[in-house]
Amino acid sequence: MLSQILYALPFLAQGFAVTLWVSLLVVVLSLIAGVALGVGLVYGPAPVRWAVRIFSDTIRGIPILVLMFFVYYGLPAAGLHLQSFWAAVLALTLFKTAQVVEYVRGAVGSIPKGQSEAAMAIGLTFRQRLTSVIFPQALRRFLPPWINGVTDAVKGSALVSLLGITDLMQAINQVIGRTYEAMPLYILGALIYFAVNYALSYASRRLERRFAFIRD
Amino acid sequence: MATSSNDTTALLDIAGVSKAFGSVEVLRAVSLKVDKGEVVTVIGPSGSGKTTLLRCVNFLESYDSGSIRIDGKEVGFREAGARQRRSERDLAAMRAETGMVFQSFNLFPHLTAAGNIMLGLTKVRGKSKAEARQIAEHWLGRVGLAHKAESLPAELSGGQQQRVGIARAVAMEPKILLLDEITSALDPELVGEVLAVVRSLAEDGMTMVMVTHEMAFARDASSRIVFMADGGVSAVGPPKEILAQETTNERLRSFLARFRASHF
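Residue numbers (this note's numbering), protein chains in the order written: chain R, 371 to 586; chain D, 2 to 265.
Check each hint, because a few of them may be wrong.
[Stated by the list, open to error] Non-contacting residues of chain D with respect to chain R, defined by C-beta distances greater than 10 Å in every case (computed): (1) Ala93; (2) Thr99; (3) Leu120; (4) Arg220.
[Unchecked claim] Distance ranges between label pairs, derived from CB positions: (5) Pro514/R - His139/D: 35 to 45 Å; (6) Asp36/D - Glu578/R: 20 to 30 Å; (7) Asp65/D - Tyr568/R: 20 to 30 Å; (8) Arg259/D - Pro515/R: 31 to 41 Å; (9) Glu151/D - Pro415/R: 18 to 28 Å; (10) Gly73/D - Gly414/R: 33 to 43 Å.
Hint data in this document are derived by calculation from the structure and do not stem from the laboratory. Glycine included, each C-beta is placed from N, C-alpha and C at the ideal position.
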């Protein structure tokens, strides 16, 4: 069994790198888009709020796999041809963005109105209120669900294998295809995913402790 | 500058302000002038519009008609032409000229006592961190909390939090200080320490408008008392006059009678 694992490792390493790269792209892009749209959902004018609401509800109502096939097989019909890698990243990012929007809405919405009013009363502008008063407090409530979502993104990235991208999952399947020894490889794969996500959970607990300035 | 009336010596000039929430009229043509250095307390039954009026003064609430001027400058709307809300930037600048202390303190929980005071000084007044820190320490000293500069709000008692709230407001050197039932959320034994701070500010000549249920304080510390009922100013005058037993104002008399029955 050890020899099989040693044989597999170089193949898996490349797949693992792809998994991390996809996860990183999805997490960073969805964070940027999700925070922007989330702020629009909470503070924007009615048309913006509606647009974000519809986007978020639609995306969250579609299975991520359907979304991925739609982007890869459906968009070319609309004239948009994406390489399988970018199609997968786009689909996962859309999905994750809709989640981040909701985390932001929940976190920002949970800050009492009095905080905004106190910030207004000392003469802070909207932007200053967000960056100095609302976001620092909302961050604490945003982090736990978001980090949970990051681990989901790492696990969910395994879906890109269905578009033929050689990520960790696909690499495992390829090695199994050569060795016909499924169990050791799946266990190894599970351990790798687990190691990544456990590290993320651990980091998040550290982070949460750092932001525990409110006792409620 | 286009000023509407001829005598504009009043620091705060509220003229004919009306406001409705849906079909409920909360303010009916309220007019009130407050001179520099005056301490005006606003009393009245709940739902009479006291707090709403105060919140209109720094435009936390908009109003439907009338005008509110501080130092001759319209607070929430542009001076000329049609009634148009000021830009976000202008509003922020106008609000920086008034200080507000809230019933529920509303300290920023992620900042220390000093940090709460420094935020406006650095972001709005453009002071350096060191300078802001000095001012914060000065005001914390004034409210008797010099030793709590590094404490987070959650580590302070209600009375201490409210004193930081006052320090945060006055450190901005506002032209006028608005106090919205600032002792209502406090345990009775903590009320005194907060009112003592307000009293010392009054002695310094700070102009204040204070919504309160503390009748003894209104009697002793204010230059004038405004009695509001049903969204309007029902009576206004020096404390002795307003709190006199033999007032002819029926609403005021029954308010005071009920008040005496429950508080004395």
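Each hint tested on the structure:
no.: 1; hint: Ala93; verdict: violated, 4 Å
no.: 2; hint: Thr99; verdict: violated, 7 Å
no.: 3; hint: Leu120; verdict: violated, 6 Å
no.: 4; hint: Arg220; verdict: holds, 28 Å
no.: 5; hint: Pro514/R - His139/D: 35 to 45 Å; verdict: holds, 39 Å
no.: 6; hint: Asp36/D - Glu578/R: 20 to 30 Å; verdict: violated, 52 Å
no.: 7; hint: Asp65/D - Tyr568/R: 20 to 30 Å; verdict: violated, 59 Å
no.: 8; hint: Arg259/D - Pro515/R: 31 to 41 Å; verdict: violated, 49 Å
no.: 9; hint: Glu151/D - Pro415/R: 18 to 28 Å; verdict: violated, 41 Å
no.: 10; hint: Gly73/D - Gly414/R: 33 to 43 Å; verdict: holds, 35 Å
The structure is inconsistent with the numbered hints 1, 2, 3, 6, 7, 8, 9, although it conforms to all the rest.
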